[in-house]
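Asker: Chain by chain, the residues:
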Amino acid sequence: MVTFVIRRVALSIPVLLVASVLVFLFVRATTDPLARLAQVNDPNAKTRLALQIGLQEEPCRPVVTTGPDGNAIEAKTPGGQPVLGCKKVPVATQYARYMGDLARRELPASQLTGRPVSQELRQALGSTIQLIFWGVLVAAAIAIACGVYSAVRQYSLLDYAFTGLTFVALAMPPFWFGLMAIQFGSVYLRDRFNLDDPLFYSIGIESDGPLSYARHLALPVATLGVQIIASWTRFQRSSMLDVMNADYIRTAKAKGLSRAKVVLKHGLRNGLIPLVTVMAIDIGSLFGGLIITEQIFSIPGMGRLFFTSLQNGDVNVLLPWLLLSATFVILFNLLADVLYGALDPRIRVS
Amino acid sequence: MIHVRNGRTRGAGLGLLFSMALVASACSSDGTTTDPGGTVGTPTTGAEVQGGDFVFGAEQEADCFDWIGSCAGASWGVYTVQALTMPRSFDFDDNKYKPSPLLAGEPKLETSPKQVITYKINEKAVWNDGTPITSADYQYTWDQIVNGKDIYSKSGYEKIESVATPDPKTAVVTYREPYGAWRDLFGGYYGIFPSHILKSQDRNAAMKDGYKFSGGPWILEAWNKGVDTKLVPNPNYWDKKPNASSITFKLLEDTAAAQSALRSGQVSMLYPQAQPGQEQLKSIPGIKFQSITSLSYEAVWLNTTKAPFTTKNVRQALAYAIDRDAIVKQLFAPIQPDIKRIDSFATPAYNENYVTPFAKYSPVNGSKVTELMTADGWAKGPDGIWAKGGQKATFEVKTTQGNRRRLQTLEIMQSQVKAQGFEMAINPIKSSVLFGEDAPKGNFQAALYAQVPASNDPDQCAIWCSKNIPGPANAESGQNWTRLVDPAIDEPYLTIEKELDTKKVTELVGKGQAAIAEGVPAIPVDPFPDIIAYQENVIGGTVRHNPSFGPWVYANTWSVKKK
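Chains as they are written, first to last, in this note's numbering: chain A, 449 to 798; chain B, 253 to 815.
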């Protein structure tokens, strides 16, 4: 097992490196961090920013070009100062310097805000982890309960209802569901019951007590969870059906064990194995994929940080973001493999 | 001076910064107020109440709080923090520059032998720690902007020769050459910086994440990045002290979520950008909706070096082919019923500097189009499109991706110009590509985007003068992207840059805009409505627009009605 884990971690390093090169090249090719100064009436403004964020470097000299009459012209700013031209830093050098800084644990500051990237990531990760924790907890509880019930009471009225609801939930775009949830939980209920404050808040997750925290989290967690619950419920139902038709369950029933014991002890334990691995993989990918929920509910998490940084071509944030997200995906995939082996003794990692 | 910063919609590259209006005042039964001067608002009701907390919605936030650093381009930083905490020489109120409470009166302007401005600082003016605001602060501000590292823009300040400090309450600013837009300096988006606090440290490091000094009515208390920004009253402010105990700006980037937050009472005011659909705010019970014409305007910019716009006749014919009234009504009438098209590169909010030479191109005139195109050697083909020498009158309009309003504008325009024999394609591209590459390099035929002036100073040389066509003399950094060389435009605008007499400036603007209307390097389309929506039962006082600093610059005069 230890060898397996070490090998998986070792294999992930080149994957991360290739991903970082691709992201660096992609961001540099598609976004211009200087574009926000495109309409500033000061040609040296771009040069100053380029120097600061490492796109250019010293030496800088006044720009001298050839005019229409063939004479040399020194370019001037509207204020009459020389327009400066500095040496451009090749993308490969920019990347090498960046990785060098990373290796020395000296993350460059955000190109957009000038703040330490570690600070930006820490803040974003904190919000996202809260959202994922509660989202996954609630989703897992509901999905397991509904999935088990549907499997045990197959073709019952509630099974049909759960099945129908899961299809509806899977078909619902999260942004639409989020807005509807706000409209109902924040606006409608407040108006309906003539409350001073909304029953559920739709802005952020900052709060001043457990009740307020729950009121802030309810809508984003519901939005995050609606599709996860649906897919996990389907998964759990299918897995439980397989298990409940297995020979050992028939044997357990024949031995006269109570229905609850058969379902919970023998059925659920084995029926959970596939779901747990799916959950581990899903949680890993959630770390970077909450853009819509975070945007709608104004939560400053990883998804929103990615979106803002991409819009502004801030590779100094995007690269560590990618490495962090990829690390989570790899870790949770690894966890899924390990859990699979641990939960089912018949499976051994080779 | 045109000094464009990151707009209210960063993704779109440009947005709204300021607003003012000169349209008839009307209050409709649905809570809509369209006010005439841009600064008129809902009158105070009842006595001022002390205490209480305001929570407002903000579409964006500052990237940092070092207002002269390159990280501080976002106008929302100005609206929510800079204008409320930094002292400035001039306010921009009632469509006019007025000396702010920082000054003891109108600064003295001397024009000969050099331009010299003498600022007399109010004796009562102090920073929040009680230290007087002095001429040393003016000197420090200028020094940082001109000599500091990582400065956003030095525009205007580079023309200053010296800042003298004959006494602590007198600052004497001498210019190397005449500079017409001098009122925008030592204030505006930068403010005046406290030398006694910052001189001994790295200004950028001290300010970028927030600062505790203030020379305005409010002090920045906390910035929870990506979440909210909180301000509390400055107890040492020498002018009107705030009534409320705090203001919190909640960051609400999603438009629909922001509207729901207003409706559910989580925020009591929004200042949304004008996009179709914002009229929904009018229907929310208890919400007061104000809309005025802003300083910002949108236009179709033509590359005069690319066919078919190399000839004046084609450009004029296109101007006759576009029904600008229909576009403006369709886009903005639900938001601002009395909105009108603009007839120059300004809006009515420019007051006396707003002229209407483009009125001659309205209404649509098919015979004029035919006359101009025929005179230029074009003839309509069997498909109804003008053609000349095997070349059709087809063109592509680039605009910024993801902007519903712009796409709608172009879709309307497409059918209008088709009816007059022009074939138009729409190409939405990333704003960074449009403004960072295509427009500066001339890689476009036409483009739809906005100009967002930082004040109503009428100097537009940056976008019209031939010296500002990207080229060797300006290291390809000029902003006259239409690339029209026209002495009739150059002459007035080169003069305006240095003209200090406002009456003469107004005359020159008229001349310059008339020349632009004749040469048609661009076609003005619409002004932007500037919108405020707020809960009447929460905010007491006169809620009004400010074209330079946003509505919250008046928040010190408001009271919290419902605590």
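Keep in mind that the hints were calculated from the coordinates and are not lab data. Just so we're clear, the structure is a prediction, and the values are computed from it rather than from any experiment. Quick reminder that beta carbons are idealized off the backbone N, C-alpha and C, glycines included. Mixed in with the good hints, there may be bad ones.
As the list claims (entries may be wrong) - Not everything, but these chain B residues come out facing chain A in the computed CB check (under 8 Å): (1) 378; (2) 379; (3) 509; (4) 724.
What the hints assert, rightly or not - Listed next, the stretches of chain A that the computed footprint assigns to chain B, with coverage defined by at least 3 CB atoms under 8 Å from CB atoms of chain B: (5) 528-540; (6) 555-568; (7) 603-612; (8) 650-658; (9) 687-695.
Asker: For every hint, state whether the structure bears it out.
Answerer: Evaluated hints:
For residue 378 (chain B), the interface hint is violated, the least distance from its beta-carbon to any beta-carbon of chain A being 30 Å, above 8 Å. Restraint check, residue 379 (chain B) versus chain A: the minimum CB separation of about 24 Å is more than 8 Å; hint violated. With a least beta-carbon distance of about 5 Å to chain A, the hint placing residue 509 (chain B) at the interface is held under the 8 Å criterion. Using the Cβ-Cβ criterion of 8 Å, the hint placing residue 724 (chain B) at the interface with chain A is satisfied: the shortest such distance is roughly 4 Å.
Against chain B, the stretch 528-540 of chain A contributes 4 residues with a C-beta closer than 8 Å to a partner C-beta. That satisfies the three-residue criterion, and the hint holds. Residue count for the stretch 555-568 of chain A with a Cβ under 8 Å from a Cβ of chain B: 5. That meets the three needed, and the coverage hint holds. Counting residues of the stretch 603-612 of chain A whose CB falls under 8 Å from any CB of chain B gives 0; the rule of at least 3 is not met. Coverage of the stretch 650-658 of chain A by chain B holds in this model, with 4 residues showing a Cβ closer than 8 Å to a Cβ of that chain against a need of three.
Counting residues of the stretch 687-695 of chain A whose beta-carbon sits less than 8 Å from any beta-carbon of chain B gives 0, not enough to reach three: the coverage restraint is violated.
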